[in-house]
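Going by our numbering, the sequence shown opens with residue 1271, and the numbers climb by one from there.
Think of the hints as simulated: they come from the structure by calculation, not from any bench. Keep in mind that the hints are not guaranteed to be accurate.
[Claimed, not checked] Pairs of lysine-lysine residues, derived as BS3-like cross-links and limited to a Cα-Cα distance of at most 30 Å, are as follows:
no.	residue 1	residue 2
1	K1605	K1592
2	K1325	K1354
3	K1586	K1605
4	K1592	K1578
5	K1354	K1314
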Amino acid sequence: MQSLLRWSIENSSNSNASPPVQRNDIDPGIIDMILGRPDAELMKEDMGIASDPSKTQDERVAALDHLEMLIEQIDNANDLAKLKLWEPLHALLTASTSTPEIKMQALWVIGTAVQNNPSAQDAYLALDSLPTLVSFLTPSPSSTLQTRSKAIYALSGLLKHNAPAVHQLANPSINGWERLRDALSDPEITVRRKTVFLLSTLLLPTAPVSSTASTAPIHEPIHANSHAAHASNPDRASTSALTASALQAHGVINALVQALTNPLPYGEDGDMVEPDVAFEETCVRLFHTYLEVCRQQLPKSDAETLMKWLKVEQEKEGGEKKLAERWALDLAELKELVTRLG
């Protein structure tokens, strides 16, 4: 059998076969269609179109939409810095040739790129980007509802688990906390919802380290990747203490109390006066976190206003249990909130 196999191999080889000839007549475009072009090349092309004022608005928005799809992959998001695309992307937010639609789409790309990505957060924050982002929170002809919503999306991605960025909000040249405070009375309820959700997220403490974990130092190398910043500085992810302090110092707590207990009308014509359940639920949860989890205190007048409102709402619902269910709280959590207000 082995002799037969050896004979087959020896007689199947063609020693006279000519070497393969390189084809030079194949259209590179066909190869691109078959194999696809590199994402880096597509990203640069998208940014080139988006930054070109000679292109139509639809073309520029479509290019940004395609770029947003590409940078959903974290490696592509990190390539924004390598390809030097952060600068032209950020420039779209202030360019005179950018329409509100283009600005909104650019904010969408930014928010997706920095979401859960410390490396991208640092790259974008290095452009002194916060003043521009928070400026969109003020309603204006160039800051539509959609633009303001996407601005909060971008801010959320930049601020979550990013204490250095949260620290910058208090800078007088940024006035970030005041802008967020004012957004709680935005004419559109969707902006109010997104704002209170962002504040609630920033206030949540990060998960504590398990007490059973070894306290011995681990001298392992920190490799350059998207989360190297967290590995080298775990405290970077903690925004709770910074947020708790800022909420009181910048008048956000009082604005939250007023937004919850005496909400402004909202809607296209400003004629919607019914309480918004989603806003209420998130705001009540924020106060529970602030008072019970973070062990903070409200000023006496704010505590009295909130307690009085809670009693009225409890009477409307017919008891504590139904009120807790309305806000997706455990009955114990509602009791904790009342006690802390006490």
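Verification of the hints:
1. K1605 to K1592: holds, 13 Å
2. K1325 to K1354: OK: K1325 and K1354 at ~21 Å, within 30 Å.
3. K1586 to K1605: holds, 17 Å
4. K1592 to K1578: Holds, at roughly 17 Å.
5. K1354 to K1314: Given pair K1354, K1314 holds - Cα atoms ~9 Å apart, limit 30 Å.
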